[in-house]
Every structure is written in C-alpha cells, then in structure tokens.
Amino acid sequence: MEGILYFNKSDKRYLKKDITQIGNSLDVTLIEPTTVIDPDIILAPNTRVMEVNYIWLKDFNRYYYINNYTFEYERIIAHCHVDVLMSHRKELGDEIIVMDRSDKNRASFYLNDPELRMYNYSLFETKKFTPKSGLQFKESTEQIVMVCSGSL
Amino acid sequence: MTSFRNLNFNNGQSVNLGYVTYFWGISGYAPIETVCPTSIKVNKFKKEVEKNYSSELPSAISRLGWSFETFDEANTALSEVAEILQSQYWLWGSLETGGCFIWSAPNSGECHFHNFYGLYHIDDIIQGSTYTYYSSSIVVPFRCHINNDEKLPIVDNELFLFNVNYTEENAPKVNHVYESEIKIKCVDCRSLNRYIGDDYEWLGIWNQKQWIEASTSVSDWRLHYLYEYTTDNLASSNPHPWKRWKQSRVITNIEWFLGIEVANGELVGGYVPIENSDAVTISDDDPNGDSGGPPGGDGDKNALGDDVDTGGTPSSNFLQTGIARIYLPTQQVMTAFSHYVFTDITQSTIDQLKKMWSNPMDYIQNLGVCRLAGITASGSSAITFGGVSSGITSDYTNEAFRQFDYECKLGEYWGNALDYSNYTKLKIYIPYCGLYDLNIDEFMISNNNGGCTITLRYRVDLMSGMCVAMVRPSRAQYGSGNYSNLNSFLYQFNGNIFLPLSLTATDWRNTYQSVLGIAGGMIAPSPASVTGMAESVMSQKVNVQHSGSIGTNFGYMGIQEPYLIIERPALSEPYYNNNYKYETEYGYPSNKMTKLSYTSGFVKARKGSFWANNIHCTDDERKEIISLLETEGIWV
Numbered sequence: 001m002e003g004i005l006y007f008n009k010s011d012k013r014y015l016k017k018d019i020t021q022i023g024n025s026l027d028v029t030l031i032e033p034t035t036v037i038d039p040d041i042i043l044a045p046n047t048r049v050m051e052v053n054y055i056w057l058k059d060f061n062r063y064y065y066i067n068n069y070t071f072e073y074e075r076i077i078a079h080c081h082v083d084v085l086m087s088h089r090k091e092l093g094d095e096i097i098v099m100d101r102s103d104k105n106r107a108s109f110y111l112n113d114p115e116l117r118m119y120n121y122s123l124f125e126t127k128k129f130t131p132k133s134g135l136q137f138k139e140s141t142e143q144i145v146m147v148c149s150g151s152l
Numbered sequence: 153m154t155s156f157r158n159l160n161f162n163n164g165q166s167v168n169l170g171y172v173t174y175f176w177g178i179s180g181y182a183p184i185e186t187v188c189p190t191s192i193k194v195n196k197f198k199k200e201v202e203k204n205y206s207s208e209l210p211s212a213i214s215r216l217g218w219s220f221e222t223f224d225e226a227n228t229a230l231s232e233v234a235e236i237l238q239s240q241y242w243l244w245g246s247l248e249t250g251g252c253f254i255w256s257a258p259n260s261g262e263c264h265f266h267n268f269y270g271l272y273h274i275d276d277i278i279q280g281s282t283y284t285y286y287s288s289s290i291v292v293p294f295r296c297h298i299n300n301d302e303k304l305p306i307v308d309n310e311l312f313l314f315n316v317n318y319t320e321e322n323a324p325k326v327n328h329v330y331e332s333e334i335k336i337k338c339v340d341c342r343s344l345n346r347y348i349g350d351d352y353e354w355l356g357i358w359n360q361k362q363w364i365e366a367s368t369s370v371s372d373w374r375l376h377y378l379y380e381y382t383t384d385n386l387a388s389s390n391p392h393p394w395k396r397w398k399q400s401r402v403i404t405n406i407e408w409f410l411g412i413e414v415a416n417g418e419l420v421g422g423y424v425p426i427e428n429s430d431a432v433t434i435s436d437d438d439p440n441g442d443s444g445g446p447p448g449g450d451g452d453k454n455a456l457g458d459d460v461d462t463g464g465t466p467s468s469n470f471l472q473t474g475i476a477r478i479y480l481p482t483q484q485v486m487t488a489f490s491h492y493v494f495t496d497i498t499q500s501t502i503d504q505l506k507k508m509w510s511n512p513m514d515y516i517q518n519l520g521v522c523r524l525a526g527i528t529a530s531g532s533s534a535i536t537f538g539g540v541s542s543g544i545t546s547d548y549t550n551e552a553f554r555q556f557d558y559e560c561k562l563g564e565y566w567g568n569a570l571d572y573s574n575y576t577k578l579k580i581y582i583p584y585c586g587l588y589d590l591n592i593d594e595f596m597i598s599n600n601n602g603g604c605t606i607t608l609r610y611r612v613d614l615m616s617g618m619c620v621a622m623v624r625p626s627r628a629q630y631g632s633g634n635y636s637n638l639n640s641f642l643y644q645f646n647g648n649i650f651l652p653l654s655l656t657a658t659d660w661r662n663t664y665q666s667v668l669g670i671a672g673g674m675i676a677p678s679p680a681s682v683t684g685m686a687e688s689v690m691s692q693k694v695n696v697q698h699s700g701s702i703g704t705n706f707g708y709m710g711i712q713e714p715y716l717i718i719e720r721p722a723l724s725e726p727y728y729n730n731n732y733k734y735e736t737e738y739g740y741p742s743n744k745m746t747k748l749s750y751t752s753g754f755v756k757a758r759k760g761s762f763w764a765n766n767i768h769c770t771d772d773e774r775k776e777i778i779s780l781l782e783t784e785g786i787w788v
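Chains V and E are the protein sequences, given in the same order.
Taking the working numbering, the leading residue of the first sequence gets 1, the next gets one more, and so forth.
Taking the working numbering, the leading residue of the second sequence gets 153, the next gets one more, and so forth.
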C-alpha cells in the first residue's frame, strides 16, 4: 500500500494539520488482520521513523497518527490511529452544527461564560444620587416642624 | 497620483489635512484585537517606548504628544520611529485619506515603511481602471481633522475600528493559519483587508458618506456590502499577489470599538458588540410551534407594558379646615414659643385650653426637626393652638405632602454577562429608610444603549414625618419580541424623616419605644444559585447586611445623601500573545448555527446538534468526530 510519511506539528484538535512531508511516498505493508481505525503497518528498517509521526495511507484515503513504534528484526511496526479530522475535513466542512462556543461567531457577550475566571475579591463602586429639585436632605439643615391643632 | 491633501468629495468638501493623529501599539499579525479592546495596553506600550527610546524619538513626536501637524511631518517621524523600533514592535498608522504605514516584524527582522496614496472615493473610481494602492498586513486608518469650521458629526480625534468576522461562500479556501483572520475597518468604511497566507486581500469597501456616525456607518456598510460591490471597484495594483474574490460573503459578526482617543491615547469610550441580524441565531421561535425552536412556542412575545408612575402627591386641603396647621418655626421663634408655653401662659389660658383637653400640650400634635432643605412656606401667622394665639409669629405651610427626586446613572462595567446577576450586586442606601438590595438585572444596561437612569422619589408627609421612597429604573430593553422600555417604579420603602422633639416624659417614652427592636448588621449566606465557575465563586460569598432599618432618630444622625453600592466580580484576564487569546483558547459562547467551513478558529459544537451523518466514515470514526467537536472543540 502506498503511504506518505509526515511530521505533524499540530494538535490533534486541529482540523487541518500543519504537516511536512518526510521523504518520498513509500510502500507499506499492513499487519493483518487490521482495522481501518487502528492499523499496524510495517516499515522498512531504513525508514526515518524518528523524524515522522504521521502517515497518509492511500488505500484507506486517511491520515494517521503514528502513536508508537515496535522495532523487530529487519522491520519496524508503526502503531497508527486514524486522524478523523484531517481525513474527513472536506466533508466535515459541509456539516452544519450549532456552535456552543466559537472563536469567530459568538452570539453575544451576555451569554453565561463558565470559562471565565474570577479573583476571589470583588470590585466596589459607590455612586451618589443627585437631587433633581429644590428639596433635598442636607447635613447643614435643621428645619423645625410643629403641627398644632386648633390653629384658627 | 492623487494627493490626499486635495481629494475632492461628492459634497464638494475639500479635505485638507489639519493635523494627523495616529494610533499605534504592539502587535503581531492580528494586532487590532490585541490593542483595541484594551487601549491600556497601548498606553503601556507607549510609556515603554517613551521610557526606552525617549532620547531617540523624533522631535515631532515628543513635541506634539504623538500627533503630527502635517502629513510630511508624520511621514518623517514615523519612518524614524520605524527604524528605531525595528525588530522590536509592530507599529502602524495610516492617514485616512492616504497615509503611511509602518510595520516591523520581530521574527524576520524586517521593517517596512509604506505610503498610501490615492485612497479614492468610490465615485472617483472608474471601473476597470488601475489605481495605485499599496498595503501590507493590517491597515488601521485614522480620522483626520478637516480644515473647515464645521465640527464633524462625531467627536474629533476618535478612532472607530470595526472588527468584522465573516465567512466566504464563494471564496476559494487558502490553507493558511491566518485564513479568515482579523479584519479591520474604519468608520468611514474605507478600508478592510486581511492577511491570508502570502496574499493580501483588499475588500475595497467604500462608503459614499465620509463623515457619518459609526452606527450608521455599520449598517450602511453592511447594506452596501451585502448588495454587492463589484470587484472592479477594488484598487488593483500591488506588488503582492492579490486575491480578488467575488463579493458575496455572509457577515457573521460585527464588533466595533468605539471612542479611542487617538490624540493622547486615553480611552474615552467602550467596547460595543453589535449583533448582525444576518447571522443565524438559534433562538427564534416558530409562532405556530410546529417547526421546533425553544419550548413554549405559543407566546406572542409582546411585552409592551405600561409605565407605573407615582402619580401626584395627595391633596393637603384638609389643612384649610383649621383642624391643624404645620408651622415651620425658626430656632428663634421656637425659643420664644417655648418661653410662652412654659412661663408666660396664664391660668385663664390653661382654663381655656382645658375646655377641650386635659393638657395644653395635647394641642401640639407633633414637634420635630428634620434635615429636609427647601421647604417653602405658604405664609406666616401667630402660632395658634387650641384656638389660643400665642402671639408669636412663625412661617407655616399649607402643603402637607412634598415630593422630590434624586437621580443616578448606571451602566455596564464589563460589557458582558458579568454585569448582571449572579455576578454583580446592587444595593441602595436611602436616608431615613435604610440600605436595601436591588435586583441588578432590573437596572443594568450598557451605556451605549443609553444606560439606566435610576430615580429615587421621596414623598414626605410633613404632618407626621412619614415618608415613602420609591425607586424607578428608566432604561431600554432588548430581546426577542417586543418590549417597551422599562420605566416603572419597582420599589417602595418607608421611613420617617423627623427627629421628634419631646415636650413631655410620655413623648420620650414613645420615642424610645418607636426605635426598639431595630437590628444591627448581620451576616447571611447569599441564596444565589450555582451554575458555572464564576457564578459559584460569587455565590459562595457572604452577603453582609450593611445596616438595619434607618428611620426616625437614626436617620437624622445618618448619611443624608442616597447612594448606590455596586459590587462587581474581578475578572482575571490572563496575558495572551497576539496569536493566542481567550477566544482562541476557549471561544466565546455562541449558540449560532453554521456550516463548519463558514467559520474559523476554535469551535465547539452544542451537544446533540451534530450528527456527522454526511461523512463517509465508520461509525467509530463518526463517534470520535462528534466527541472531538462536542467535548473538546476543534480549530478550523
């Protein structure tokens, strides 16, 4: 099966991986029976495996993370796991989703955001009211009020 | 080449550069998001530069406080600064009708200085012709003064920037980390470009109205943008390869940064998110309730309510009957009256008064002192009680009820959910009534939406000193459906503004009894519910009662001015570099529906919203895709 080895710099959560091809395409052999999700493949002993961590397998039309290597006599076994995002990125791009969180498409800042972090102190502000008419309470005022009955 | 100095606009206004202000800051490829929301960073940067490079800075800069008199001066100064700051920071600036642009790239050691020439007005552009325009990376156009006597419709020296996110329907995808990265636009809708891989895209959004308010500009721009500008309107000559795409994009979000005083770097405005109605939000209900939407589809979403006002003060006509009169004696009058009552009163007077009561003092129904300034008198007459004139003249009033208002403005601090419950708390201190909790949600709204005017209305009965204090929020409301502005009195508290002056021992006993049982401060846990980290932190806080009831005697001795106490959460804002920010790491809450390829950056799907059923993959792969999108989120 034809395969292309890469060095992948991206986190697995990136849809499009930042990968650099290492060497030319090569023939790889699957260890059978195998799965399309977690295939083990045999690489030639002269493969630059220490430089690569990612592989594209033509027959599966998928990209794979190389999780680990097993070294045997005259062969290297690469234990792979499919990169579902990179492999299906084109179809994934056409999928319609409701975004719970988004970098670029936020709904409003007024949705609760549980990711925010607060200090364990608060900010306090005091604001005075302004009197809008002639009447107001004043420290300097001492108004006596006397109510008398039978005042006529 | 058209000089920016002599551009002629449609309205015949000849634009001449009075002086140029500019804006600058530390940045990377996406500088404006880093700088604009927190102009403090700009100031910090400015101080840092001034501190480190003050001896080297061009005199033009230091002399004019980072603004220039002429374009040439700006040109010279900025080019010098660019040299100084090479490999240190990005510095950018431009002039609105042409200008200069500087950037330095710390990673590459490059430093570029560009002049902008001929930012042509739309009507001056002949389709198909070639115009010279030269730009790199992010362009931040700045407002210039115009050389006439008319003031601009918006405040001079302010920089309006728009951070516009959009997706392309028909645009080719370019595989680059900066794809769909930042876009910037100025208030007059002249420029908008972005960096995409090695290409620079110039969207060429032009607005025929140069000086218009920012909000109008946004809608105007959107209108023009959505109704197409052909690419022939784009300036076209550039040494870089250009992508000139069909102008048919879906604007998903617009933010604008308002009021950054570019002349001195002071922040004079706020950060205003503007929702774009063209984006699809999953909150609209179907009126028939048969095609989904949030639960409760039968509501008419009509809440055009009525304002609840206090009405007028009660009538005081009973005072005309002579049953009672409210005297407003001065201290001197009161001294004379006391002398009359306690020394000058004769046996015949007592006999006369005893016709009706056993004690002459019973005719003085209330005697107190208050700190209410501005009570107007209706007239003056001899103090008469029990039908007996004392002969001592005093002012009196025929209005038993008085009403007066206080006002206070309240607006948002964070400009997000943190300004509301259960994060922010609001208390009001009302003299003679006490300190009370208010529901912050009833009072809070952003200043850009008018803020909230809080009215505290007192209604006082001068016969007894009793008062009612009523609280009204006046503010706009926003939400789905129809809402009237909130303009109703929602709270009523009562108290007494008199400090009683006792004439007899019985009066004193009554006075003390009236204040017994009043509690002091006490601590009680807040009943706030717990959802989310921030909320839980706030809700664990104790709610300390700052006072008990403050009425009667205590109110007289207490603070005489009403005030608010606002307790806000302190948001931890970690430092993020230019390419790694909060939204990059976590995203913002979204609740919008989109095709995945229409967005970019971090995306996390709402649970259950995404089935991946059109992807040709195994079921286990599908589960993994869904798991990644729903639990961890991915970067598109």
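Any given hint could be a false lead.
To be verified - Using 30 Å as the maximum straight-line C-alpha spacing, the simulated DSSO-like pairs for lysine-lysine come out as follows: (1) V/LYS138 to V/LYS127; (2) V/LYS16 to E/LYS759; (3) E/LYS747 to V/LYS90; (4) V/LYS58 to V/LYS90; (5) V/LYS138 to E/LYS579; (6) V/LYS12 to V/LYS90; (7) E/LYS747 to E/LYS775; (8) V/LYS9 to V/LYS90; (9) V/LYS16 to E/LYS561; (10) V/LYS132 to E/LYS579; (11) V/LYS9 to E/LYS775; (12) E/LYS759 to E/LYS747; (13) V/LYS17 to V/LYS58; (14) V/LYS58 to E/LYS747; (15) V/LYS128 to V/LYS138; (16) E/LYS561 to V/LYS127; (17) E/LYS561 to V/LYS90; (18) E/LYS747 to V/LYS127; (19) V/LYS16 to V/LYS58; (20) V/LYS12 to V/LYS58; (21) E/LYS747 to V/LYS12; (22) V/LYS132 to V/LYS58; (23) V/LYS12 to E/LYS561; (24) E/LYS561 to E/LYS579; (25) E/LYS775 to V/LYS58.
Think of the hints as simulated: they come from the structure by calculation, not from any bench.
Checked hints:
1. A C-alpha spacing of about 17 Å is found between V/LYS138 and V/LYS127, which places the hinted pair at or below 30 Å, so the restraint holds.
2. With a CA separation close to 22 Å, the supplied pair V/LYS16 and E/LYS759 stays within the 30 Å bound.
3. Distance check on the hinted pair: E/LYS747 and V/LYS90 sit about 12 Å apart at the alpha-carbon level, within 30 Å; holds.
4. This hinted pair checks out: V/LYS58 and V/LYS90 have alpha carbons roughly 16 Å apart, not beyond 30 Å.
5. Between the alpha carbons of V/LYS138 and E/LYS579 the distance comes to roughly 22 Å, so the proposed pair stays at or under 30 Å and holds.
6. Annotation: proposed proximity of V/LYS12 to V/LYS90 holds, straight-line Cα distance about 16 Å (limit 30 Å).
7. With a C-alpha separation of about 19 Å, the suggested pairing of E/LYS747 with E/LYS775 holds against the 30 Å cut-off.
8. Distance check on the hinted pair: V/LYS9 and V/LYS90 sit about 20 Å apart at the alpha-carbon level, within 30 Å; holds.
9. At roughly 49 Å between alpha-carbon atoms, V/LYS16 and E/LYS561 are farther apart than 30 Å, so this suggested pair is violated.
10. The suggested pairing of V/LYS132 with E/LYS579 holds, with an alpha-carbon distance near 21 Å, which does not exceed 30 Å.
11. Distance restraint check for V/LYS9 and E/LYS775: the Cα-Cα separation of roughly 24 Å lies within the 30 Å cut-off, and the hinted pair is therefore satisfied.
12. Distance check on the hinted pair: E/LYS759 and E/LYS747 sit about 16 Å apart at the alpha-carbon level, within 30 Å; holds.
13. Restraint check for V/LYS17 and V/LYS58: the C-alpha separation of about 17 Å stays at or below 30 Å, so the hint holds.
14. Only pairs whose Cα atoms come within 30 Å are accepted, and V/LYS58 paired with E/LYS747 is accepted, the gap being roughly 28 Å.
15. Annotation: proposed proximity of V/LYS128 to V/LYS138 holds, straight-line Cα distance about 14 Å (limit 30 Å).
16. The suggested pairing of E/LYS561 with V/LYS127 holds, with an alpha-carbon distance near 8 Å, which does not exceed 30 Å.
17. Restraint check for E/LYS561 and V/LYS90: not satisfied, since their Cα atoms lie roughly 52 Å apart, outside the 30 Å limit.
18. Pair hint E/LYS747 plus V/LYS127 does not hold up; C-alpha atoms about 47 Å apart against a cutoff of 30 Å.
19. For the given pair, V/LYS16 sits about 18 Å from V/LYS58 by alpha-carbon distance, which is consistent with the 30 Å threshold.
20. Distance restraint check for V/LYS12 and V/LYS58: the Cα-Cα separation of roughly 20 Å lies within the 30 Å cut-off, and the hinted pair is therefore satisfied.
21. The suggested pairing of E/LYS747 with V/LYS12 holds, with an alpha-carbon distance near 21 Å, which does not exceed 30 Å.
22. As the CA atoms of V/LYS132 and V/LYS58 are separated by approximately 79 Å, the hinted pair breaks the 30 Å bound.
23. Proposed proximity of V/LYS12 and E/LYS561 is contradicted: the alpha carbons are some 50 Å apart, above 30 Å.
24. About 14 Å separates the Cα atoms of E/LYS561 and E/LYS579, which keeps this hinted pair within 30 Å; it holds.
25. In summary, the hint linking E/LYS775 to V/LYS58 is supported, as the alpha carbons are separated by about 23 Å, within the 30 Å threshold.
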